[in-house]
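K.L.:
From first to last, the protein sequence lines stand for chains A and B.
Going left to right, the first sequence walks through residues 252 to 956 as this note's numbering numbers them.
Going left to right, the second sequence walks through residues 194 to 248 as this note's numbering numbers them.
Because the hints were derived from the structure by calculation, they are not lab data.
What you are looking at is a predicted structure, and each value in this text was computed from that prediction instead of being measured.
Please note that the accuracy of each hint is not assured.
Said to hold, decoys possible - Sample of chain B residues at the chain A side, in silico, Cβ under 7 angstroms: (1) Ser-215; (2) Lys-235; (3) Pro-245.
Even for Gly, the Cβ is constructed at its ideal location relative to N, Cα and C.
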Amino acid sequence: MQVESFQYDNKTVRNFAIATIIWGVVGMTVGLWIALQLVFPTVLNLQPYFNFGRLRPLHTNAVIFAFVGNGIFMGVYYSLQRLLKTRMFNDTLSKIHFWGWQLIIVAAAITLPLGITTSKEYAELEWPIDIAITIIWVIFGFNMFATIIKRRERHLYVAVWFYIATFVTVAVLHLVNSFELPISLFKSYSWYAGVQDALVQWWYGHNAVAFFLTTPYLGLMYYFMPKAANRPVFSYKLSIIHFWALIFLYIWAGPHHLLYTALPNWAQSIGIVFSFMLIFPSWGGMINGLLTLRGAWDKVREDVILKFMVVAVTAYGMSTFEGPMLSLKSINAVAHFTDWIIAHVHIGGLGWNGMLTFGILYWLIPRIYKTELYSKKLANIHFWLATLGILFYAIPMYWAAFQQASMWKQFTESGQLKYQFLETVTYMRPFYAMRSLGGVLYLSGAIIAMVNIFKTIGQGTLVANEDAQAPALEKAYTKHTGEHWHRWIERRPTPFLILSLVVILIGGIVEIVPTFLVKSNIPTIASVKPYTPLELQGRDIYVREGCYTCHSQMIRPFRSETERYGEYSKAGEFVYDHPFQWGSKRTGPDLAREGAGNLKKSNAWHFNHMDEPSAISTGSVMPSYSFLIDHELDTATTPLKINAMITLGVPYDKGFAQIANQDLMVQAKLLTADLKKDGIEVGPNKEIVALIAYLQRLGTDISKK
Amino acid sequence: MFSFIKKYTETMQDISFYPIFSLLVFVAFFVGVLWYVKVMDKEEVDAIKNLPLEQ
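Input sequences plus hints: build the corresponding full structure.
P.N.:
Right, dumping it as structure tokens:
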């Protein structure tokens, strides 16, 4: 058979490698900054652009899409070419993919501090950037597929399956969750409302973890671990079961983010069952990874790359054990809304994604630069700093979460709640400080890695086009005797893609379609009315400031919650919420009934609290929002917003958009007149007025007669 | 968009059938995968397994 000569493209691999390490350091630095904001709230919150609520999405997006994203592409571009024995299909597409992705990251880094956000977690970027992501993702997918088609290796190794599943599922998730109605270049409303929006968001959110942070990295594990250990994967058959079971199960598990919420019960049950079953393929994969090192454990002691990989796979095992546990209702009741979840995601992020990325970087950079790693000693120091960093990060957060959850739930003998919410916040601060120390350790390690990698690059020369040879793929395939249908699909990437698509769509369709179509799933409440124009504007400020990053709007049906926050939340209360604002974390108290019952406060209280939270609530870690007192409300957008809401099905009267601003001003003047009684002079056209109006509206509908 | 489906699904009875249905679909799928792995050709598996190690 004719042997063909060709070249691997290492330049794109190098570019993504440098991007992953630089963005990694940036994303982790922002993470450390927001961690310290909870320790030193008045010093480190620089309003308006660098308040916690605006920086936290920047941290999550930077780490997920910039650090891990570039890490995925680095590993995929390296391994795909070698597994298929061919160069990437088109260098220009690779280049567009690289620079397009970096531009998206820069756009995110600019828009998020400006408060341009959809408020859907890990999907905060506004619609023009969403479109850019779609285009670049399709370019990546096309380039990958065209490469698969021109391959010189008949069989698709399991890593390639994981890449294909990643491509197709992320595309579906991104498209479905980003369905939004733009009202301007920088503002849109989610097409969905309330419960439906929440279900779609967490179907997306969970599967972003699954198909962006997990499946592509499993592909990398199945390629780079055998490479680093110089032995094949423990069981290839197990990897097949791992693949199919994982992609089938993952897609169903989203509702475990919404246990005890207003989501219909049947959907919660599906989420729990499938989340629990996920432990089996996940651990199958972990065991497969670790057993790949069978007979090579002595190497792990000396080889720093293997050390990184072992910790990565162990962290994968830990977080995929924890995930199913957290989806059990009794554990979820304790852990949800606390820092337990923050610890859990950091085991995954710092441990699984971080350690595997660094392991691959240390393995790959010397190879494409034809040199040795600059310093093994520095890499070892990095390993220990990172490992200790993870422990210092996670342990205080687990501890704190147990304590805080228990403080939220304790009653005195006379049946009163034992602790004020604020007491639990002040209790947390030493733990937040310890967590920051973990962050410092991990970040220091990453900076050392950056230096080590750049020094390695400096001492070598990039083999931009690496020579390789392989026999051409025989045109006519001769079947083995007794061959089964699966061999057929394994050789054909397009039917394979379609089969993966079908497998992941089943879960999504069964969960989402009934929630959208079955009327009885969202019982309507007659007294729930659309927001007034002023409240709607206030709500958009709430969204812009990322209040959802610290405050939930979802009271679960527990006595400890109904005593503290009032009547538990009903699905029908959120039917006009585009987007939903249930939140996922309570660094501050729940706000679902902030305007109702015992929680209702005066307008003056809200005004002073926004101005300087710690002056009203001693020990509060909330940033100041005093700029809202000076900022003018942009009322020019009011008619656009009302019309958009009408398009989305919110029942405002016909022609209301034209008179909405008059209505807005009447309500604003009433509110400022009330503030004046308490000696506060503020114009009715200021943003603070709209925000107070929104907060006062929260949770009041169901008590209206 | 979904109006032709909507007409029927709005009045869908026994939504609780869904979890059971989901489980059955998965079990069937999983059994299929197990069977698929069982009948795989050993030599071919070994060849694929070693793909990453080829230079």
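K.L.:
For every hint, state whether the structure bears it out.
P.N.:
We went through each hint and held it up to the structure:
1. Ser-215: Constraint on Ser-215 of chain B satisfied, holds at 6 angstroms.
2. Lys-235: Result: violated, 9 angstroms to nearest chain A Cβ.
3. Pro-245: Holds: closest Cβ of chain A sits about 5 angstroms from Pro-245 of chain B, inside 7 angstroms.
Against the hints set out earlier in the document, a violation occurs for number 2 only.
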